[in-house]
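J.: Spelled out from the first residue to the last, the chains are:
Protein chains: 2
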Amino acid sequence: LGVPPLPDDTPAGDGVRGWLHSVARSHVEVALKHPARLIANALGSPPADVIAQAHEKGMLVAALAGKAEHALSHVERGVDIVVAQGYEAGGHTGEIASMVLVPEIVDAVGDRVPVLAAGGIGSGRQIAAALALGASGVWMGSAWLTTSEYQMGPLQSSVQQALLEATSSDTVRSRIYTGKPARLLKNRWTESWSEAGAPQPLPMPLQNILVAEAHQRLMRAGDPSVVPMPVGQIVGRMNEVRPVADVMASLVAEFDEALSRLDRAR
Amino acid sequence: LGVPPLPDDTPAGDGVRGWLHSVARSHVEVALKHPARLIANALGSPPADVIAQAHEKGMLVAALAGKAEHALSHVERGVDIVVAQGYEAGGHTGEIASMVLVPEIVDAVGDRVPVLAAGGIGSGRQIAAALALGASGVWMGSAWLTTSEYQMGPLQSSVQQALLEATSSDTVRSRIYTGKPARLLKNRWTESWSEAGAPQPLPMPLQNILVAEAHQRLMRAGDPSVVPMPVGQIVGRMNEVRPVADVMASLVAEFDEALSRLDRAR
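Order-wise, the sequence lines are chains A and B. Here the first sequence is numbered in our numbering, starting from 1 and rising by one per residue. Here the second sequence is numbered in our numbering, starting from 267 and rising by one per residue.
Wrong hints could be hidden among the right ones.
Examples of chain A residues toward chain B, derived with CB under 10 Å [said to hold, decoys possible]:
no., residue
1, Trp19
2, Leu20
3, Ala24
4, Val28
5, Glu88
6, Ser123
7, Gly134
8, Arg220
9, Pro224
10, Ala253
11, Asp256
Here are the simulated DSBU-like pairs of lysine-lysine, each with C-alpha atoms no more than 30 Å apart in a straight line [to be verified]:
no., chain 1, residue 1, chain 2, residue 2
12, B, Lys452, A, Lys186
13, A, Lys186, B, Lys333
14, B, Lys446, A, Lys180
15, A, Lys67, A, Lys186
Below, a sample of chain A positions facing chain B; criterion: calculated Cβ distance under 8 Å [stated by the list, open to error]:
no., residue
16, Ser98
17, Arg125
18, Ala129
19, Leu131
20, Ala132
21, Ala198
22, Leu202
23, Leu206
24, Gln207
25, Gly236
Hints listed in this document are in silico derivations from the structure and should not be mistaken for laboratory results. Even for Gly, the Cβ is constructed at its ideal location relative to N, Cα and C.
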């Protein structure tokens with residue numbers, strides 16, 4: 001892929017992410033020392049003692065769910081908010097798309113906790129659609145990656161360029177990032193794992209440890225065609241860098257427009 | 267899979283479907299002799315002469331699109347209605363889920379032709395969501411498979427039983443049905459194509475010719491765990507056989523409820 005090696009003074013293990021129990025625990029401990037209002041867990045239900053500690057400090061606990069049975073399990077364990085995350089979402093995600101998943105999860109747990117819709121949401125029309133499906137609100141991730149406030153340091157320009165150029169067809173759901181299926185920008189790096197003779201990804205947490213150094217090299221290469229970057233299918237509509245305030249104003253205006261249009265459909 | 271052979275008097279070639287140009291042409295010729303109001307094309311744009319003949323007879327022509335560029339191509343060729351069909355749909359379908367695809371196609375061609383949303387729609391909430399996304403209406407397929415009026419003859423009971431029992435996780439998008447990706451019920455038949463040593467599917471139209479006899483055997487076996495059946499992720503909500511009139515009444519009532527709920531969100 002033509003990606004240069006790391007400088008000799010790069011710390012060993014730099015770039016290994018938190019998909020290890022020990023690392024996740026240390027993140028939670030830091031979070032619990034801050035006056036956060038919400039802790040959200042992306043993979044599985046948070047451990048019972050974490051939920052208890054968060055509640056003691058007056059924090060709410062959210063958890064992502066890709067199936068109704070996951071949502072039921074979250075609520076039984078004391079989670080306060082369920083995020084129904086569809087196939088089109090970025091990062092770790094399941095097989096069921098938002099149009100089908102959101103009503104299923106609302107019907108499973110919506111009488112007990114608020115359900116937020118995630119996956120494919122980047123405009124007020126999509127917020128209106130999520131609420132029509134029964135969600136109490138939405139959870140947006142990818143859309144913030146192309147806001148002015150999003151700071152990635154010196155690596156920013158190649159990542160943002162890749163995001164701005166990508167269409168909704170330029171993502172792939174793959175196990176190469178962590179060992180579990182996650183949606184990523186599709187590019188020369190992800191495609192190289194589909195070539196004849198490419199190895200199968202290792203199970204979590206080994207895969208991220210395997211590719212941690214490669215990720216660092218790919219990020220530093222300054223080449224938009226190789227960045228290892230989780231993002232949802234909504235990336236096709238992320239076509240300019242805008243301040244968060246502008247994005248929020250658009251979301252509200254588009255939501256109002258969508259509701260007015262629906263009124264006329266009656 | 268324990269599936270019995272066909273009776274000796276089965277006509278050769280029975281079960282080969284229309285994914286051959288010659289077969290599709292003969293279907294169109296029959297359709298054009300009837301007083302139909304609409305011809306819909308699922309794979310690609312209809313040929314120019316078919317569009318012209320349909321228009322001469324006062325028929326409208328619809329075409330399915332899984333990407334905005336397909337929709338643009340359809341409209342340039344004279345298609346009257348575009349069906350934006352998301353990943354969650356049954357049968358041949360693309361990678362982009364409805365939540366992302368519908369607004370993209372509405373923005374690409376919605377000022378020139380009506381756009382209908384397809385994929386994941388089986389309730390009035392989902393119709394409201396589709397309209398919130400900008401669609402002029404919806405196109406439902408799977409939901410009709412479990413209506414009283416749907417008649418498959420003697421093979422019906424095992425197919426309907428399989429549909430009623432399936433959850434939204436029990437489908438798979440695979441090339442084994444025709445050679446192009448199509449969403450099917452996931453069962454012992456589809457899983458056998460993922461086993462070690464299983465062959466790769468052939469390209470269209472060869473794959474359907476290859477499996478035509480197997481499809482006949484699987485359908486006649488009377489075993490719900492092997493039926494080769496295209497269906498969307500909405501199959502998880504198809505849990506009883508109902509008359510079409512009841513389904514329509516529910517769709518209208520749920521649509522009204524969803525709009526009333528959205529009104530209160532303002």
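J.: Hint by hint, note whether the structure agrees.
T.: Status of the hints after comparison with the structure:
1. Trp19: This hint is violated: A/Trp19 lies away from chain B, its Cβ roughly 23 Å from the closest one there, beyond 10 Å.
2. Leu20: violated, 28 Å
3. Ala24: violated, 26 Å
4. Val28: Check failed: Cβ of A/Val28 comes no nearer than 30 Å to chain B, outside 10 Å.
5. Glu88: holds, 4 Å
6. Ser123: holds, 6 Å
7. Gly134: Check passed: Cβ of A/Gly134 comes within 6 Å of chain B, closer than 10 Å.
8. Arg220: violated, 30 Å
9. Pro224: violated, 21 Å
10. Ala253: For A/Ala253, the interface hint is violated, since the closest Cβ of chain B sits about 13 Å away, which is over 10 Å.
11. Asp256: The hint holds - A/Asp256 has a Cβ within 10 Å of chain B, the shortest such distance being about 8 Å.
12. B/Lys452 to A/Lys186: holds, 26 Å
13. A/Lys186 to B/Lys333: With Cα atoms ~16 Å apart, A/Lys186 and B/Lys333 stay inside 30 Å; holds.
14. B/Lys446 to A/Lys180: holds, 26 Å
15. A/Lys67 to A/Lys186: Roughly 25 Å separates the two Cα atoms, so the pair holds.
16. Ser98: holds, 5 Å
17. Arg125: holds, 5 Å
18. Ala129: holds, 4 Å
19. Leu131: Where the cut-off is 8 Å and the nearest Cβ of chain B is about 5 Å from A/Leu131, the hint holds.
20. Ala132: Holds. Min distance 4 Å.
21. Ala198: violated, 16 Å
22. Leu202: Violated: closest Cβ of chain B sits about 19 Å from A/Leu202, beyond 8 Å.
23. Leu206: violated, 22 Å
24. Gln207: Where the cut-off is 8 Å and the nearest Cβ of chain B is about 21 Å from A/Gln207, the hint is violated.
25. Gly236: holds, 7 Å
Hint violations for this structure: numbers 1, 2, 3, 4, 8, 9, 10, 21, 22, 23, 24, all remaining hints satisfied.
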